[in-house]
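Chemist: If you're matching them up, the sequences are chains Y and R in order. Counting from 1, one number per residue, gives the positions in the first sequence under the numbering used here. Counting from 198, one number per residue, gives the positions in the second sequence under the numbering used here.
Everything labelled a hint here was simulated from the structure, so no lab data went into it. Hints are not guaranteed to be accurate.
What the hints assert, rightly or not - Listing some non-contacts, in silico: residues in chain R with all C-beta distances to chain Y over 10 angstroms:
#	residue
1	R228
2	H250
3	S287
Stated by the list, open to error - Chain R stretches covered by chain Y per the calculated footprint, using a threshold of three residues with CB under 8 angstroms from any CB of chain Y:
#	segment
4	201-207
5	235-243
6	255-262
7	393-402
Even glycine gets a Cβ: it sits at the ideal position worked out from N, Cα and C.
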Amino acid sequence: MAEEERRHVDAAVRGDVESFNMLVRAHESRVYGVCVRLVGDRDDAADVAQDTFISAFSRLSTYRGGSFRAWLLRIATNAALDFLRARRRRPTVSIDAHDDDPDDHPVLQVADATPTPEMALDQRELAQAIQRALAQLPDDQRTAIVLRDVEGFDYAEVAEITRASLGTVKSRISRGRARLRDILTADGTVRTALSSE
Amino acid sequence: MATLSDADLDLLSAYLDGMLPADERARVEQRLEHEPALRAACADLRRIITALHELPALQPRRSLAVDAAHPRIRRALPWRWLRPLQYAGSLALVIMAVLGVTLAGVPANQSPLAMNLAAPALPAAEEATAEGGAPFAAAAPADDAARSRSTEQAPAGDAVAGAAPPADGSGELLAGGAQVAPRAADPPVMTHLGLGLAGLIALAALVATTMRAILVRSR
Chain Y
1 MAEEERRHVD
11 AAVRGDVESF
21 NMLVRAHESR
31 VYGVCVRLVG
41 DRDDAADVAQ
51 DTFISAFSRL
61 STYRGGSFRA
71 WLLRIATNAA
81 LDFLRARRRR
91 PTVSIDAHDD
101 DPDDHPVLQV
111 ADATPTPEMA
121 LDQRELAQAI
131 QRALAQLPDD
141 QRTAIVLRDV
151 EGFDYAEVAE
161 ITRASLGTVK
171 SRISRGRARL
181 RDILTADGTV
191 RTALSSE
Chain R
198 MATLSDADLD
208 LLSAYLDGML
218 PADERARVEQ
228 RLEHEPALRA
238 ACADLRRIIT
248 ALHELPALQP
258 RRSLAVDAAH
268 PRIRRALPWR
278 WLRPLQYAGS
288 LALVIMAVLG
298 VTLAGVPANQ
308 SPLAMNLAAP
318 ALPAAEEATA
328 EGGAPFAAAA
338 PADDAARSRS
348 TEQAPAGDAV
358 AGAAPPADGS
368 GELLAGGAQV
378 APRAADPPVM
388 THLGLGLAGL
398 IALAALVATT
408 MRAILVRSR
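Just chain R, same shape as in the assembly (with noise of 0.2 angstroms):
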């Protein structure tokens, strides 16, 4: 087998691929004409080209589709972030139906909204203990009695009116019951507050839920 130039190689190799312009394919038509060493080559080429190309076409023994449960397919997810938000929300959910349950049992004016809209009270009850001199120390030990008072000068759901100044005036009853309320609010505010948490963690979740959704069904 006669060894050929690399120029002349990259010149068969261009031609069997249809690659010269008229002139040179003429050209390498007529030197192949003439050189049997070139003429040679040129067979040898073609024939392995042909061999390539005929090749079968091989079909993989599995389907390659990619599972959406592959670790690197959720990461590459664009919306992976919304996910921890949908497991948060559920759980949210899951409080806010605790907290439901256990708020039923609560007496509508010991209910979070009434001790809440109780409270901006406090700031003015403390202002007249100490206008009053009523000692912190003698109010204490009344306290069951100015819940009592208290809740009697308070109808059951009326929130404002449990809010309000006594009706009889009393800066002492007023004093009492502005000591009492913080200890008696405490649980119901924190409930209060754990529900609207859980309540806005479930709103995300819904949110996310819902963009979810329609990136998946837009296309």
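Okay, chain Y solo, but in the shape it has when bound (with noise of 0.2 angstroms):
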């Protein structure tokens, strides 16, 4: 951990809100694009980070060392999947509701910013079906793909922060890429942009 985030971090443990938030607006990015992905929807993935941080705070005394973020992004994660949860046992409504305005929903949006017109279409269509897809797994596996392949973290990282064994982090990512490879191929648009690449 960086000497200046070792400062804050204790400077937090003893109570200094704004050394925290010096924090939170160093990993806020971070944890943010974890819970989208993990819970598809910006607002909602807006609260969950915001209960993130504030859990965080209260826990920091339980804090023990080593990696900050994985320590985050470790509460970030069962915040997101209790939310889950909890989004399972009431009505809800899909994201796919919300396909036909990409803007108003950038996580379906994708990162390069000089495209062709076609070329857009493609890549929204390709992030859409991912986000689809993603949706689809189960949440171990959702969790390890997230921050395996989206988030880019090491197999240790992900074992550290889902608090699995290296094995198990193995087998779930292995796992989830196949249901995608299924879930994505089988749509054919998904394919041909796949194979575009």
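Take each chain as given, in its own frame, and dock them per the hints.
Modeler: Pasting the structure below:
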């Protein structure tokens, strides 16, 4: 952990909210990104991410060193999965309902800033398809795939965040990818988009 | 699309992540050359991983910074127990100010300090009353007179003299003074106690505020 981050953590443990907010600013993008990919809706994800940081501040005394980012993301993934479990117990609106207006839902947009209109359409469709496919994965596989393939954590970090063994993480990632392949290749448009890369 | 075994999918996944040792990696590459189904699956997985990796980083539309006023944050603050003390200290300061103004009009010989110092003479005075045989009922009507005589015996500002036996050695005067003293001293003593308590709370609040400032600034 960087020295500056350690200082902020120490100050936050003593109750310095402003120092904690420095940590929030350093990690909010990643925490929010994971929440969006797991929850599938930006507004809900913002609420879950906010709850993550509040919970993290409340539990700072339980932080025992190591990767602060991993500790934070463990709280975030647990919060997101708790949210999903709660949402499944009540009626909800699918994220597919928003597909007609992707500008309002940048979760479905892609990174390339200068694509041709055709490419933009393809990439947007691909991103939409990926998000839909992610939503169909079991929670543990989706979490592992988001952490590994979307956020770029290595296996050991994924294991630390999800509190699973390395073998379990490898298995979840492998099964998750295979299932994504089944889902995405069943969609002809997506297969074309994937093949054109 | 040919179906691969879980073992092959695990192998491909590990291969694409560069998690295989050199010899195993070489074996997989050899199989990829000769097995079209494995090669196709590997290509699909590679594209999917690339597509996942290229999903845009997302920025929250609003700040996720926590608010110090949020109830859960306030409950989590390590010095949360200091805050009630600070409120109590503020209240104590107000009480001290009110009492201070009230006491400004009290004559010096009736000040809480003078009355408190007079209090230790009470047991001796009661003893003297018993020995002198002066009935309590008889002493009571003399309250006002005794108080004024006692006041004359105790010059203003001389608290010790006020507590000492009368100069003329009169046991009756002593007894009268002793009977009068508790009723005359009660309100100022209470005031004094209140003042002391308020001062104590204010001091604790000052310590609490200082501790909080140190906690916040010591990084």
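Chemist: Each hint should be assessed against the structure and marked as holding or not.
Modeler: Results for each hint:
The Cβ of R:R228 lies farther than 10 angstroms from every Cβ of chain Y, with a closest approach of about 16 angstroms, so its non-interface assignment holds. In this structure R:H250 is not separated from chain Y by more than 10 angstroms, as the shortest Cβ-Cβ distance comes to only about 6 angstroms. Residue placement check: R:S287 keeps its beta carbon more than 10 angstroms from all beta carbons of chain Y (closest about 21 angstroms). Residues of the segment 201-207 of chain R with a Cβ under 8 angstroms from some Cβ of chain Y number 4, which satisfies the need for three, so the listed coverage holds.
Coverage of the segment 235-243 of chain R by chain Y holds in this model, with 3 residues showing a Cβ closer than 8 angstroms to a Cβ of that chain against a need of three. Judged by the Cβ-Cβ criterion of 8 angstroms, the segment 255-262 of chain R is covered by chain Y as claimed, because 8 of its residues qualify and three suffice. Counting residues of the segment 393-402 of chain R whose beta-carbon sits less than 8 angstroms from any beta-carbon of chain Y gives 0, not enough to reach three: the coverage restraint is violated.
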